[in-house]
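Could you put the whole structure together from the sequences, leaning on the hints where they help?
For the sequence shown, this note's numbering begins at 805 and goes up steadily by one.
Hints are computed from structural coordinates only; laboratory data are not their basis. Source: prediction; values computed, not measured. Among these hints, one or two may not hold up.
As the list claims (entries may be wrong) - Cut-off 35 Å, straight-line C-alpha distance, at most; resulting in silico cross-link-like pairs (DSBU-like, lysine-lysine):
(1) 875 to 849
(2) 859 to 849
(3) 845 to 809
(4) 845 to 859
(5) 809 to 849
(6) 845 to 875
(7) 859 to 875
(8) 809 to 859
Unchecked claim - Restraint-style ranges between C-beta atoms, simulated for each label pair:
(9) 882 to 920: 22 to 32 Å
(10) 931 to 952: 26 to 36 Å
(11) 823 to 895: 17 to 27 Å
(12) 823 to 863: 14 to 24 Å
Using N, Cα and C, we set each Cβ at its ideal position, and we do this for glycine too.
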Amino acid sequence: MVESKMAYFIDPETLEHTYDQVLIQPDEEGNHILPENATWKRPIKEDGSFFVLAKWNPEAEEWEEGGTPPKPSIPEPTETELLGEALVEEKLRRIRTEQQVSDLGTQLVEEELAGIAKEEQLQAQAQALQDLGEQVVDMRLQQILNEGGTQS
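Written as structure tokens, this is what we have:
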């Protein structure tokens, strides 16, 4: 008994495999009749892997690779993901603004403290000058008193 054979169909214009196939039963004499635009050759590579796009080569009477693997598409973000990104960006902006405000506050405090320190330094210098002036007056007074005491 003759077994049935699988026929694989080819698009006559593009020569691409149509992914149609049919099991052909033998006729009374045991012959298989190949349908038009079909081949007995299975559209599979020699290593057993499948073609991305099987294309028939009529001269070589074999299947060849006619395509390239599709590049994985990057899915568009959902509204929830977009909203999440916007919230993250807003939070980062807020954190940067808070840091800038904090930095400005620190700078103002440092400037204020520097001003206070300078004021304290000026007051200390003024006090030192006043003390020195009082000492000079006391010394001069003492000198006058000493000179007056020796004249009598």
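Comparing the hints with the structure gives:
1. 875 to 849: 21 Å, holds
2. 859 to 849: It holds: about 11 Å lies between the C-alpha atoms, which stays within 35 Å.
3. 845 to 809: Answer holds: residue 845 to residue 809 is near 10 Å, not above 35 Å.
4. 845 to 859: Holds - the C-alpha atoms of residue 859 and residue 845 are around 12 Å apart, at most 35 Å.
5. 809 to 849: 19 Å, holds
6. 845 to 875: At roughly 29 Å apart (the allowed maximum being 35 Å), residue 875 and residue 845 satisfy the hint.
7. 859 to 875: Roughly 20 Å between the alpha carbons, so the hint for residue 859 and residue 875 holds.
8. 809 to 859: 21 Å, holds
9. 882 to 920: 22 to 32 Å: For residue 920 against residue 882, whose Cβ atoms are near 56 Å apart, the range 22 to 32 Å is violated.
10. 931 to 952: 26 to 36 Å: 31 Å, holds
11. 823 to 895: 17 to 27 Å: The hinted range 17 to 27 Å is violated for residue 823 and residue 895, with Cβ atoms some 51 Å apart.
12. 823 to 863: 14 to 24 Å: 23 Å, holds
Comparing the model with each earlier hint shows violations of hints 9, 11; every other hint is respected.
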